[in-house]
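S.K.: If you want the building blocks of each chain, they are given just below.
2 protein chains.
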Amino acid sequence: MQLKIKNVSSEYYRYNLNFRNFFMTPESLYENREIVYFDKRVTFKEFFRETRALCSGLAGIGVKQGDVVGVIDWDTLTYMKLYYAIPMIGAVMHTVNIRYPQELIYLTMAHAGDKYVVVRDEFVPVLEKYASMFDFVKGWIVYSDSGSPVSSTLSPLYQLSDLEKGGECEPPDLDENTWATVFYTSGTTGLPKGVTFKQRDLVLHTLALLSVMKNEPLSLTSDDVFMSLVPMFHVHSWGMPYVAVANGNKYVLPGRYDFGKILELIERERVTFSTMVPSILYMLLTHPKAQEHAGALKGLKVIVGGAALPKGLAMMARGFGMTVVGGYGLSETCPVLTISVLNDYTKKLSPEEQLDYLISTGLPIPMVQLKIVGPDGKEVARDGKGVGEIVVRTPWLTEGYYKDPEKTKELWANGWLHTGDLATVDSYGYVHIVDREKDAVKSGGEFIPTLVLENLISEVNGVAEVAVVGRPDPKWGERPVAFVVKKGEVTEEAIIKHLEGYISAGRIQKWWIPDQVIFIDSMPRTSTNKIDKKELRARLQAS
Amino acid sequence: MQLKIKNVSSEYYRYNLNFRNFFMTPESLYENREIVYFDKRVTFKEFFRETRALCSGLAGIGVKQGDVVGVIDWDTLTYMKLYYAIPMIGAVMHTVNIRYPQELIYLTMAHAGDKYVVVRDEFVPVLEKYASMFDFVKGWIVYSDSGSPVSSTLSPLYQLSDLEKGGECEPPDLDENTWATVFYTSGTTGLPKGVTFKQRDLVLHTLALLSVMKNEPLSLTSDDVFMSLVPMFHVHSWGMPYVAVANGNKYVLPGRYDFGKILELIERERVTFSTMVPSILYMLLTHPKAQEHAGALKGLKVIVGGAALPKGLAMMARGFGMTVVGGYGLSETCPVLTISVLNDYTKKLSPEEQLDYLISTGLPIPMVQLKIVGPDGKEVARDGKGVGEIVVRTPWLTEGYYKDPEKTKELWANGWLHTGDLATVDSYGYVHIVDREKDAVKSGGEFIPTLVLENLISEVNGVAEVAVVGRPDPKWGERPVAFVVKKGEVTEEAIIKHLEGYISAGRIQKWWIPDQVIFIDSMPRTSTNKIDKKELRARLQAS
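So the sequence lines, in the order shown, correspond to chains A and B. Going by numbering that gives the first Met the number 0, the first sequence opens with residue 0, and the numbers climb by one from there. Going by numbering that gives the first Met the number 0, the second sequence opens with residue 0, and the numbers climb by one from there.
A portion of the hints provided could be inaccurate.
Pairs count within a copy or across copies, as identical chains cannot be separated in the list.
Here are the simulated lysine-lysine pairs, PhoX-like style, with alpha carbons at most 25 Å apart [as the list claims (entries may be wrong)]: (1) Lys44 - Lys384; (2) Lys44 - Lys347; (3) Lys485 - Lys496; (4) Lys496 - Lys509; (5) Lys529 - Lys406; (6) Lys346 - Lys300; (7) Lys346 - Lys44; (8) Lys496 - Lys486; (9) Lys297 - Lys346; (10) Lys377 - Lys44; (11) Lys297 - Lys347; (12) Lys44 - Lys370; (13) Lys347 - Lys300.
Simulated from the structure, these hints should not be mistaken for laboratory data.
Isolated chain A (complex conformation) (with noise of 0.2 Å):
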């Protein structure tokens, strides 16, 4: 005798963890909650009813189920709506990386095949420029901040402002599988590659992030007031947008980046949780206007992410009283898959003890099932020195490169994701990354791990920002070479004497120092703010 659910009604109600329901709950408890765009604020009852009377406005020009919309566009409150309108209706929304070259910002919307386009007043002059190549687009709805209306010659041409004035549309209770984003990310090499993601992945993913931003140092309560600074064209501005509504959080927006005004809003907002690349709060903290906003800085809250968090940059963070911990994701992890926060070994360590677990990859989320393989196929030891690749497996990673079934298989290979990261995983469990495999320096065939070298000399007065990158030797296959950006005096010596000194305590071995330091006045960036060590290597070969 088995059971079987023979006689479920009809009427039961199966939910689906889409947007539409998911969102539900926050809309109804936190109806006063407040999304703050420069001097614009909406409740969390305007913004909801406004996003919905978009839904209705985008569906009324034709945009369907499964249509792609492109965004262009700043961090602005329009984004914020159309972040939630475009998967309320089943559209896909293309978040496209306005930093990218135009070239590439066309290619990837070919690629995704836009259908509409969202485009914010400043950006249409370019479009229009090559209105002819976008012969796959059906409808251009463009806007200004002010709300007056736009002209262009893009066509068919709609106004946003135009869309927002209809009655609300009742959300269809979409399959939970349907897909919600899609984005592109640059490799090191070749075109960007798109990455998918389903309302599923996005609802999960942000589950999982409320539950582990509560807990210490982050300490996340409904208190908080977010800002992230990561763009919200860059894998969702790593689900803030959704994890702050959900929990009830003023959001504040940031708009085009420029930090004496952000630092501005941080203070008048009194702003207490972001999220940023390592350079973002670099920036941040040097700026001009940080020393006057000193008071507004102490005790914000920042997960710092998108490359390791060098510990001399932590400890500067530190003196404005601010709590850095750090994260780890891809865009095709949606992105979040670690975050360092502490647990009940690292609690008990001194606050400078506790540091380089706070700027470590971290430890997985809820759902995140993380192994560190090594080269011979087997896990690595809890024991902070076994390098192998991190592989993993949540409900929210990508189903694959759209329309690239080859690259696609690499990273899928036995059902678990390949990050391409090499790290190690130390006896409390936190992960390391001690390099990019593309980035690692094999030398005499083993791998110098460059993070545990630039996070070293970020360590040494005068140094601003540091890359290690391998140069070819025809001895050793590749030798390591510091590219550094000073901040005041240093010199070679000082920066070399600094890492002996860590080979006796057996942090580094001795034929890991680099055998050059080169100073540079700035680092290259990719798109996406990181350090471009494809172009410092290039650098090195052409020299």
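Guided by the hints, dock chain B onto chain A, whose structure is given.
M.R.: Same frame as chain A, now just chain B:
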């Protein structure tokens, strides 16, 4: 040009929200956390190893996916392992209500079709007596705390200790909609009804709790130590055996409830977090040893549910320095729907003002869509006055009553789960249950909310417990009568006078005041320890 992901790799891993996947992450993150059962303590690492050995043993004697496995036990370490092991192999755990009379225990086991039954030694004799009736049972699995074999005439007989001896199984990666649990809920009329839950239900319920329990004033951290005082046969012990493990909290099992021992355990294991019904809280606080352990009770955080939390009891708990918070749910809802955490309105109130919200039914937890529908079919106003029935949608509700299409149809009428509870909602969003629909007193065509009266009466000095029920009345249909258990000197006049004081404040209507106060020695209780109002009404009818 629409987005169609045609190139999904066959190796893409579709993560199912099942037990195997969900608990893999905490097992790896918190391997040294402990589960404590009197003098036995196992780490999470040992716990999962033993659980997988048990999986292997169960599969070895023939337990297959879909088989119902009954469990007859107190809150033990063995039960905790079965909470995981049975679903992990795809079987269905039937948490047999051992507080039922023997006949009901048999009837529910027969109705569920328990194919295998795990029995703690002390329950073996009574089962042996009726062994011939259990023709549907294909295997009895017996155990004792000591681990030594239990002799019995039950047949076929297996020793659980033998089942645990083998190697670990590799749990299958099941579809998330695999049935996980079944148990019976005693209505106030008719036979108990069976409700069932899927692995996905339990995973999403756990995730929602993980997020909301970290909100103030519960402020769950990984340092908290759990001991749920909701029996494990009762609605998944409100999900705590899963929440604690998912969050890496030490978990203490109380065995068979003995309040003296429980107080000792709270002190010895430094328990900081519990869940219980009001009557258990009352028994704990009024226990002769409560004062001796007052130091350990200080700071204890408790979610009280299963029945309204009387203000008098909440104040008594505050006197001990405890934090008590109301929660609400049904057997049909997994169970949690609401918890009375603080929100941005109530955070600003004084502790005295907060109490009225903390003891309320509370706020919907993540993913709960909750409506209060008045007699006119419309949602009631957020004014704390309009009374309607609570109906809900969440991703963890039972699909229906097992083998009972008629009652299932009522439960799920119009695609919403009907709780049968009458409530109001205030301007801060807090739900306040005013009555069970069937417990409401209807006088002169209007509802008299008995919970409001009970709450006010509980404030009178000398009142230990109170229940208000309706007595048939030729003129008004029904009139309220209060049953009171004393804990000191108190008179009918004092109670009536206390209530009259609230008329002018608008808290109650004059005609709500009970016609009579009847003092009794103790309250009649249902098998789940709730006050049995059906029995009280029967007494009124008999007199």
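S.K.: It remains to establish, for every hint, whether it holds in the given structure.
M.R.: Do the hints match the structure? See the list:
1. Lys44 - Lys384: between (51 Å within a copy, 23 Å between copies)
2. Lys44 - Lys347: Between copies only: 21 Å across, 43 Å inside.
3. Lys485 - Lys496: Answer is within: at 17 Å inside a copy they meet the 25 Å cutoff, but 80 Å across does not.
4. Lys496 - Lys509: within (12 Å within a copy, 87 Å between copies)
5. Lys529 - Lys406: For lysine 529 and lysine 406, the Cα distance is within 25 Å only inside one copy (22 Å; across copies 60 Å).
6. Lys346 - Lys300: Both. Shortest intra-copy (17 Å) and inter-copy (21 Å) distances satisfy the 25 Å Cα cut-off.
7. Lys346 - Lys44: between (39 Å within a copy, 21 Å between copies)
8. Lys496 - Lys486: within (19 Å within a copy, 78 Å between copies)
9. Lys297 - Lys346: both (21 Å within a copy, 23 Å between copies)
10. Lys377 - Lys44: between (51 Å within a copy, 20 Å between copies)
11. Lys297 - Lys347: both (24 Å within a copy, 23 Å between copies)
12. Lys44 - Lys370: Only across copies: lysine 44 and lysine 370 sit 17 Å apart there, 42 Å inside one copy, limit 25 Å.
13. Lys347 - Lys300: This pair counts as both: shortest intra-copy Cα distance 20 Å, inter-copy 23 Å.
This entry satisfies every hint, going by the numbered hints stated previously.
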